[in-house]
Amino acid sequence: MKRVGFLCFVLLAFLICFPIGSQAQLKAGDPVIIGVPTYLGSIEGGESLKAVQMAADEINAKGGITIKGAKHLIKIEASEIRDGAPGVPVPEALLGIEKIILDKKVHAIVVGPFRSEALLATMDLLAKYKVPMLGTIAMTPVSEAKIIENPEKYKYVFRTCLTARYFVNLLTGVMTQLNKEFGFKKAYLMNQDVLWARGTVAGLKTWYEKSGWEVTGGDEYPTGASDFSSGLMKAKAKEAQLLFTCFDMSQSGILVKQYKSMKVPALMAGFISPMAGEVGWKTFDGQIGGVLNAIFELGNIPSDKHPPAKAFYDAYKKKYKDPLQSGHGPAPAYESVYVLKEAIERAGTIEPDALVAAIKQTDRQGVMGRVKFDKGNQVVYGTDLSKEAVAVMFQWSEAGERRIVYPSALAEKKIWAPEWVLKPGK
Amino acid sequence: MGGQDGLPYFIFHTNGIMLQGTLIYGFVNSVILALLALGFNLTFGISGVANFAYGALYILSAYTAWMLLTWLKFNYFLSIVLAVLFTSFVGGLIYRFILLRVRGMPISEVIASFGIGLAILEFFRFLGFVGSEYTLPVFIDGSVSLGETYIDIQRLLIVGIGVVLVFFLWLFTHYTKTGLAFRGMAQEERTALVLGINSDKMATFSLAFGSGLAGVAAITILPLGQVAIEGGYSALLNALAVCIVGGLGSTGGVLVASVLIGFAQTFTATYIGSHWMMIVSLVAILVILVVKPSGLFGKQKELEERI
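Residue numbers (the working numbering), protein chains in the order written: chain A, 671 to 1096; chain B, 25 to 331.
Careful, some of the hints might be misleading.
[As the list claims (entries may be wrong)] On the chain B side, residues computed to face chain A include the following (Cβ under 8 Å): (1) 45; (2) 47; (3) 151; (4) 156; (5) 181; (6) 212; (7) 222; (8) 223; (9) 225; (10) 228; (11) 250; (12) 301.
[Unchecked claim] Label-pair distances were calculated between CB atoms; the ranges are: (13) 134/B x 855/A: 53 to 59 Å; (14) 839/A x 168/B: 52 to 58 Å; (15) 168/B x 731/A: 53 to 59 Å; (16) 1089/A x 297/B: 32 to 38 Å; (17) 164/B x 1067/A: 43 to 49 Å.
[What the hints assert, rightly or not] Listed below are the simulated SDA-like cross-link pairs for lysine to any residue, each with C-alpha atoms no more than 20 Å apart in a straight line: (18) 991/A x 95/B; (19) 1093/A x 169/B; (20) 930/A x 196/B; (21) 933/A x 95/B; (22) 908/A x 164/B; (23) 952/A x 98/B; (24) 720/A x 151/B; (25) 991/A x 143/B; (26) 952/A x 291/B; (27) 720/A x 157/B; (28) 720/A x 180/B; (29) 875/A x 299/B; (30) 225/B x 180/B; (31) 908/A x 291/B; (32) 908/A x 98/B; (33) 952/A x 164/B.
Hint data in this document are derived by calculation from the structure and do not stem from the laboratory. Beta carbons: idealized from backbone N, C-alpha and C, even for Gly.
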């Protein structure tokens, strides 16, 4: 009995000291396994998986990834971790990620956690098992700070999507334009009570205060909230000219409908996930003309001024017979597979440490613009496609078209404000 | 200062508008909660079954209406009638083929019905019913002004439908044979059996009827936003909160609890903070379980009322 106990102890000690990481060597014909653990039940998660599959199919159609002269196909292993669903605790999401690492023996992960709270917890798991990850949904900048603080431990964590910090940059550009064009300087802020949205609002609030805007008030709504009348009443009573919104839950569609029915004379601008895709016009019965909504990564919306973005958008629509609905996730998910392919080919191995070093050297022009990582392993976002990846703000026209209005290099139309916002009560 | 344009007038005027709006939206919120809870309460009151598949039936009804409307291009009114009838039928089937076998074992009933609910909701997720396109049109588009508060016509219709439904339920349970049998079952099942009321048949009807009411709630409330799987879970939670506070099985209790929770949620959102709104119902449950576990008007735990 003692002997069995001792053997168990030795085995346990071995497992702790040498955790089961990704298989460092591939035999001929072995696939490169990419894990996609995320909240697949969300529009962003589901469409990101499809974008990953699309990229993998394209690469496989050309023979796969070349490692030291041998071709290896890409195999996608998806896992539903439900971290974005109301009431699902972070540990449950972590279990899902650990399971895909251990059971499916993934060589790398793309997309990753939906919620920032889950991303932060996942970072230790990735460090433990030495699995590189290219995150494409969770947006908190806190993860970058952790990487900068402890680069050796968290070097496996990369992100190709927009972060709250870059989202604030996009917003401040739009706000400056709104102030210049229409003299707007009073804003009311409504956001979902989740990490990335709180971070965005905090950043934007600081900018408003420094830039002479007045923040007339704000409301935070828990995930799942379905009545926004109180916030809208306050925004109206406090005579806000701009209603900033920041939501990624499906119930936020109710906010848009309530905003219209309560005739709030303020221009709605920000991010509401159900309003991002072209189907949004039908969802909101054609009543969202004038509303501004962000698209976090170019490619999730097509642009004639950047052919790769249009090519990706059209290819997705052709392959899956439906247009993209997400404003966040699919384009960087698609890009991440190519980033990974190129990094594996550069490294000539799927050994994690060599692979992350190769990912770090990435410099490619893709659907979102230029993809390059900073010291926090974050893709740099800005307004110049040749230098950075780009996020855009579009505005719904009265005819139901999404027209990019910011940044100016990609703008298809000048930003405008409906009459009922400029002259309330008339 | 102090005139029509002064700061004190502005504050007073603004607060007046806010109060008026809060009262109006608080009332609408109360009716929405009552609509959500009526079906759950009716089923429990008659058959004693806590139907935890209630939220899933709520969403099933909405998706069915959407499919009939979008895929089969049915008329909207016909779609919602068929969706409600289908949901009732599914509710009846759930009792007949699953819950009947575990009837009288409350824990098993809860586990079985919750399992069915999970299966229905997650099956929709598996089929890909996720996205912005799942919306139902409002009955009448537009909004009207009540004083200085704008409100959409759909919300006014919800209030109207809620009031009509309560009146209909009262008439049904007082003046129809099935309704009287329901009441007989609710008062004392064994005595009802002696009087020739088939308790299994009535329990099946009660499940079907309760599910139908979930369907009515769904097709009335969900046009305000989108049809989403998560809506099923929150509908069940809201229905449970109202029934626990009001007293399981008590229609009067459901109405009173809806008003209490509905107004408390709206006032909390307006005057304290929106992020506290969601915990109002949970706090109400906690308080009622500590102070009066049977609920405001509930009788199931008060032995003396059984004798």
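For each hint, the structure was consulted:
no.	hint	verdict
1	45	holds (4 Å)
2	47	violated (11 Å)
3	151	violated (11 Å)
4	156	holds (4 Å)
5	181	violated (12 Å)
6	212	violated (38 Å)
7	222	violated (40 Å)
8	223	violated (36 Å)
9	225	violated (37 Å)
10	228	violated (32 Å)
11	250	holds (4 Å)
12	301	holds (6 Å)
13	134/B x 855/A: 53 to 59 Å	holds (55 Å)
14	839/A x 168/B: 52 to 58 Å	violated (41 Å)
15	168/B x 731/A: 53 to 59 Å	holds (58 Å)
16	1089/A x 297/B: 32 to 38 Å	holds (34 Å)
17	164/B x 1067/A: 43 to 49 Å	violated (26 Å)
18	991/A x 95/B	holds (16 Å)
19	1093/A x 169/B	holds (19 Å)
20	930/A x 196/B	violated (38 Å)
21	933/A x 95/B	violated (33 Å)
22	908/A x 164/B	violated (30 Å)
23	952/A x 98/B	holds (18 Å)
24	720/A x 151/B	holds (15 Å)
25	991/A x 143/B	violated (28 Å)
26	952/A x 291/B	violated (33 Å)
27	720/A x 157/B	holds (18 Å)
28	720/A x 180/B	violated (41 Å)
29	875/A x 299/B	holds (18 Å)
30	225/B x 180/B	violated (36 Å)
31	908/A x 291/B	holds (18 Å)
32	908/A x 98/B	violated (44 Å)
33	952/A x 164/B	holds (16 Å)
Of the numbered hints listed earlier, those contradicted by the structure are 2, 3, 5, 6, 7, 8, 9, 10, 14, 17, 20, 21, 22, 25, 26, 28, 30, 32.
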